[in-house]
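Protein chains: 2
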Amino acid sequence: MSDRIVASYLIETCYPLEQAAAAMAGEQSSGTFRTMPGETPELMARYGARVDAIEPLGEVEQPSLPYARGPKQGGSPRPQQARVTISWSFENTGASLATLWSTTLGNLFELHHFSGLKLLSLQLPDAFAAAYPGPQFAVEGTRQVTGVHGRPLVGTIIKPSVGLTPDATAELVDRMVGAGLDFIKDDELMGDPPHSPFAERFEKVMTVIDRHADRTGRKAMYAANISGDLDAMRRQLDMMERRGGTCAMLVLNSVGLSGVIEIRKHSRVVLHGHRAGWGVYDRSPILGMSYLAYQKFWRLAGVDHLHVNGLQNKFCEPDESVLASARECLTPMFAEKPCTVMPVFSSAQSAVQAGDTFRQLGSDDLIFCAGGGIIGHPDGAEAGVRSIHEAFDAARQGIPAEVYAEDHPALKAALASFG
Amino acid sequence: MSDRIVASYLIETCYPLEQAAAAMAGEQSSGTFRTMPGETPELMARYGARVDAIEPLGEVEQPSLPYARGPKQGGSPRPQQARVTISWSFENTGASLATLWSTTLGNLFELHHFSGLKLLSLQLPDAFAAAYPGPQFAVEGTRQVTGVHGRPLVGTIIKPSVGLTPDATAELVDRMVGAGLDFIKDDELMGDPPHSPFAERFEKVMTVIDRHADRTGRKAMYAANISGDLDAMRRQLDMMERRGGTCAMLVLNSVGLSGVIEIRKHSRVVLHGHRAGWGVYDRSPILGMSYLAYQKFWRLAGVDHLHVNGLQNKFCEPDESVLASARECLTPMFAEKPCTVMPVFSSAQSAVQAGDTFRQLGSDDLIFCAGGGIIGHPDGAEAGVRSIHEAFDAARQGIPAEVYAEDHPALKAALASFG
Numbered sequence: 394m395s396d397r398i399v400a401s402y403l404i405e406t407c408y409p410l411e412q413a414a415a416a417m418a419g420e421q422s423s424g425t426f427r428t429m430p431g432e433t434p435e436l437m438a439r440y441g442a443r444v445d446a447i448e449p450l451g452e453v454e455q456p457s458l459p460y461a462r463g464p465k466q467g468g469s470p471r472p473q474q475a476r477v478t479i480s481w482s483f484e485n486t487g488a489s490l491a492t493l494w495s496t497t498l499g500n501l502f503e504l505h506h507f508s509g510l511k512l513l514s515l516q517l518p519d520a521f522a523a524a525y526p527g528p529q530f531a532v533e534g535t536r537q538v539t540g541v542h543g544r545p546l547v548g549t550i551i552k553p554s555v556g557l558t559p560d561a562t563a564e565l566v567d568r569m570v571g572a573g574l575d576f577i578k579d580d581e582l583m584g585d586p587p588h589s590p591f592a593e594r595f596e597k598v599m600t601v602i603d604r605h606a607d608r609t610g611r612k613a614m615y616a617a618n619i620s621g622d623l624d625a626m627r628r629q630l631d632m633m634e635r636r637g638g639t640c641a642m643l644v645l646n647s648v649g650l651s652g653v654i655e656i657r658k659h660s661r662v663v664l665h666g667h668r669a670g671w672g673v674y675d676r677s678p679i680l681g682m683s684y685l686a687y688q689k690f691w692r693l694a695g696v697d698h699l700h701v702n703g704l705q706n707k708f709c710e711p712d713e714s715v716l717a718s719a720r721e722c723l724t725p726m727f728a729e730k731p732c733t734v735m736p737v738f739s740s741a742q743s744a745v746q747a748g749d750t751f752r753q754l755g756s757d758d759l760i761f762c763a764g765g766g767i768i769g770h771p772d773g774a775e776a777g778v779r780s781i782h783e784a785f786d787a788a789r790q791g792i793p794a795e796v797y798a799e800d801h802p803a804l805k806a807a808l809a810s811f812g
Numbered sequence: 394m395s396d397r398i399v400a401s402y403l404i405e406t407c408y409p410l411e412q413a414a415a416a417m418a419g420e421q422s423s424g425t426f427r428t429m430p431g432e433t434p435e436l437m438a439r440y441g442a443r444v445d446a447i448e449p450l451g452e453v454e455q456p457s458l459p460y461a462r463g464p465k466q467g468g469s470p471r472p473q474q475a476r477v478t479i480s481w482s483f484e485n486t487g488a489s490l491a492t493l494w495s496t497t498l499g500n501l502f503e504l505h506h507f508s509g510l511k512l513l514s515l516q517l518p519d520a521f522a523a524a525y526p527g528p529q530f531a532v533e534g535t536r537q538v539t540g541v542h543g544r545p546l547v548g549t550i551i552k553p554s555v556g557l558t559p560d561a562t563a564e565l566v567d568r569m570v571g572a573g574l575d576f577i578k579d580d581e582l583m584g585d586p587p588h589s590p591f592a593e594r595f596e597k598v599m600t601v602i603d604r605h606a607d608r609t610g611r612k613a614m615y616a617a618n619i620s621g622d623l624d625a626m627r628r629q630l631d632m633m634e635r636r637g638g639t640c641a642m643l644v645l646n647s648v649g650l651s652g653v654i655e656i657r658k659h660s661r662v663v664l665h666g667h668r669a670g671w672g673v674y675d676r677s678p679i680l681g682m683s684y685l686a687y688q689k690f691w692r693l694a695g696v697d698h699l700h701v702n703g704l705q706n707k708f709c710e711p712d713e714s715v716l717a718s719a720r721e722c723l724t725p726m727f728a729e730k731p732c733t734v735m736p737v738f739s740s741a742q743s744a745v746q747a748g749d750t751f752r753q754l755g756s757d758d759l760i761f762c763a764g765g766g767i768i769g770h771p772d773g774a775e776a777g778v779r780s781i782h783e784a785f786d787a788a789r790q791g792i793p794a795e796v797y798a799e800d801h802p803a804l805k806a807a808l809a810s811f812g
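Quick mapping for you: the protein sequence lines, in order, are chains A and B. Note that our numbering has the first sequence beginning at 394, numbered continuously upward. Note that our numbering has the second sequence beginning at 394, numbered continuously upward.
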């Protein structure tokens with residue numbers, strides 16, 4: 394592993410590519426367009442960002458984003474796209490995720506040279522692994538806490554997202570855990586509102602979960618959404634520990650990096666990372682940051698689960714992007730400290746997508762969340778859960794779902810209903 | 394002020410506009426495409442997001458973003474744009490900025506209905522003002538701490554951003570404060586790296602600042618970048634208080650909401666909000682969030698200064714956008730709690746833009762940062778600072794800069810050199 398921070402970007406510019414890449418490197422190390430006193434050749438050699446590679450990708454018809462400007466002379470009339478790799482000395486940032494964020498993202502998106510700029514990938518020196526804790530539970534810890542081995546965890550999201558009282562929420566959880574689910578989570582819209590105060594909701598849900606655990610010997614995991622101000626989050630974590638809760642959900646983009654890092658320090662429960670707002674970063678192919686870069690910040694910060702959308706989802710993301718994200722969650726970040734996390738599939742999922750999810754990911758280290766695909770099963774929620782297990786069983790045994798469905802009626806009904 | 398949260402969006406869709414707006418409201422309140430058990434008409438009436446207005450803006454040639462899908466039937470072959478206003482009961486979120494973030498941004502960007510979606514504006518019920526502290530110092534406090542009244546604060550950013558030792562940084566600060574500056578800040582790339590440890594840099598810079606304060610009776614404000622993990626930020630704040638520091642800089646997008654809120658609770662110094670990474674939100678006209686919405690989160694969280702770019706900047710932002718941002722910083726958020734903050738102008742600024750900045754903003758409650766425009770002044774840094782003051786003086790007196798420059802040689806040289 395290099396001792397440099399290495400980032401690659403997709404860019405679009407009317408500047409000659411070398412000049413555009415040099416502007417990126419300049420802005421993100423010396424920080425101005427004009428040579429400043431003190432900006433000696435020695436300083437630039439040691440601390441200047443370095444352009445390691447430029448791979449031209451061809452011209453486009455017109456600028457993807459407005460307001461970019463070309464050079465006064467020597468520019469191209471039509472923008473060119475390219476993949477540019479830039480690296481920095483670790484001395485520039487130290488092992489700080491906040492400074493890494495400013496360095497690899499920062500002002501780059503606003504430079505007038507670019508009608509498009511997106512961070513595609515990020516490689517970090519081992520010093521980051523030494524400085525940050527990474528996941529406390531990760532895949533194995535999640536399996537131990539839930540008692541689920543050798544198969545994916547199957548879960549659901551409490552819906553309607555808002556409006557249920559704590560009692561109504563507990564009733565719904567009763568029904569869903571009763572149907573055999575391993576995992577239940579709050580919607581990201583449900584925090585600590587007047588109509589469902591966190592403490593009351595949490596207590597009532599845990600009472601239900603404990604009752605089922607007494608019966609089954611396995612305790613369903615409840616990812617309760619603590620995302621909020623730090624005092625409240627710490628109080629809620631304490632409550633969880635006292636009450637035997639096993640998982641806290643964090644909306645990464647609203648809590649933010651330093652908040653997530655702080656919670657990881659205080660937490661003795663699994664941290665479920667939700668990416669609500671993620672579309673801001675990745676919805677445009679030519680602006681923002683890819684999930685391959687994004688998830689590295691949060692894995693180092695210490696979450697155990699990360700959302701990756703689902704195959705054939707209700708959103709815009711193509712399946713290959715979902716799979717690339719999920720595979721990356723299970724790919725070690727550092728040799729000594731893999732920081733692998735459990736990918737969470739959700740969004741219009743049912744038994745229909747389960748087999749492909751397993752086959753394409755090549756692993757059952759995942760959480761598979763379905764809502765309508767469980768509660769909307771024609772034979773009820775229990776059959777809905779069973780249909781998903783059966784779809785994974787079929788895939789694991791290499792049997793097509795339709796064949797396996799012949800003597801598995803829950804799966805058969807699910808394929809007919811949701812296929 | 395309504396007791397509802399009101400947000401307006403620019404959308405682009407091939408769905409009939411009513412259907413598209415309903416999908417937004419549904420996703421951000423009930424949260425699924427399918428009616429769920431428990432989603433009663435009573436619950437929906439009370440907690441469902443409400444579409445308050447739809448203003449069609451016409452068709453566009455082709456989708457701005459890929460992967461959107463139209464309805465199976467009844468859709469438009471070409472996408473339409475519209476301005477949509479949606480509101481939520483305060484009961485949905487309670488006074489939580491994190492839940493507000495999930496509610497007004499959240500999954501919206503990923504909905505398959507949209508080939509473009511941007512949050513344009515946000516109105517909040519007074520309960521948010523009651524729950525969050527807002528700025529501790531704001532404009533008046535910044536003036537008291539710096540002793541600068543009746544004119545803008547003039548400042549600079551330490552450059553080169555990376556690579557200077559603490560001694561070299563202090564030398565540069567000596568020169569710049571000696572030249573008459575009110576305000577100095579770290580670059581957002583400079584945190585607590587091995588080559589310039591925060592504690593050593595801060596101590597050396599403060600020694601220089603104190604020496605000048607003894608001479609002039611006014612203490613220049615040093616916005617030292619503490620952005621990082623919370624333990625370190627709290628340690629650095631303590632150091633500041635002990636040592637007589639007056640300002641901490643926070644990179645909002647890397648520290649995040651809960652971190653900034655937490656720091657505001659512990660801080661007794663001015664908080665300088667830097668928006669590095671802002672381009673992710675606003676670089677596209679059809680994706681993300683406008684500054685008019687964005688800055689409300691941070692003002693409530695409690696920063697005292699907010700960056701707004703500068704007129705004729707080196708980046709992509711048009712002047713009207715810069716001015717709208719700056720005006721919004723000075724516009725009260727709530728009748729009882731204005732939360733107004735000082736806008737910070739920077740990026741390729743010099744005496745050339747000062748007059749227009751004052752005239753267009755209609756206020757001198759601002760911080761005006763220049764680098765090359767000061768240090769690159771042909772008669773030296775002191776003349777650079779003087780030229781900016783002279784440009785503001787001229788504007789305040791309603792005299793064209795070129796006329797005023799006739800008997801103000803520093804301004805004259807600046808206009809000739811940077812104009």
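Keep in mind the hints are simulated off the structure, nothing from the lab. One thing to keep in mind: the hints can contain errors.
[Claimed, not checked] Examples of chain B residues lying across from chain A (beta carbon under 10 Å, computed): (1) G431; (2) I679; (3) N706.
[Stated by the list, open to error] Computed list of lysine-lysine pairs in DSSO-like fashion (alpha-carbon distance at most 30 Å, straight line): (4) B:K689 / A:K689; (5) B:K465 / A:K465; (6) A:K658 / B:K805; (7) A:K612 / A:K658; (8) A:K597 / A:K612; (9) A:K689 / A:K730; (10) A:K658 / A:K730; (11) A:K658 / A:K597; (12) B:K465 / A:K805; (13) B:K730 / B:K805.
For every residue, glycine included, the Cβ atom is placed at its ideal position computed from N, Cα and C.
Now the hints, each set against the structure:
1. G431: At about 6 Å, which falls below the 10 Å cut-off, the nearest Cβ of chain A leaves the hint on B:G431 intact, so it holds.
2. I679: With a minimum Cβ separation of about 9 Å from chain A (threshold 10 Å), the hint on B:I679 holds.
3. N706: With a closest approach of 8 Å, the B:N706 hint holds.
4. B:K689 / A:K689: holds, 29 Å
5. B:K465 / A:K465: violated, 48 Å
6. A:K658 / B:K805: violated, 57 Å
7. A:K612 / A:K658: holds, 24 Å
8. A:K597 / A:K612: holds, 15 Å
9. A:K689 / A:K730: It holds: about 12 Å lies between the C-alpha atoms, which stays within 30 Å.
10. A:K658 / A:K730: holds, 17 Å
11. A:K658 / A:K597: With Cα atoms ~27 Å apart, A:K658 and A:K597 stay inside 30 Å; holds.
12. B:K465 / A:K805: holds, 26 Å
13. B:K730 / B:K805: Violated, because 42 Å separates the two Cα atoms, which is more than 30 Å.
Taken one by one, the earlier hints fail for this structure at numbers 5, 6, 13, listed in ascending order.
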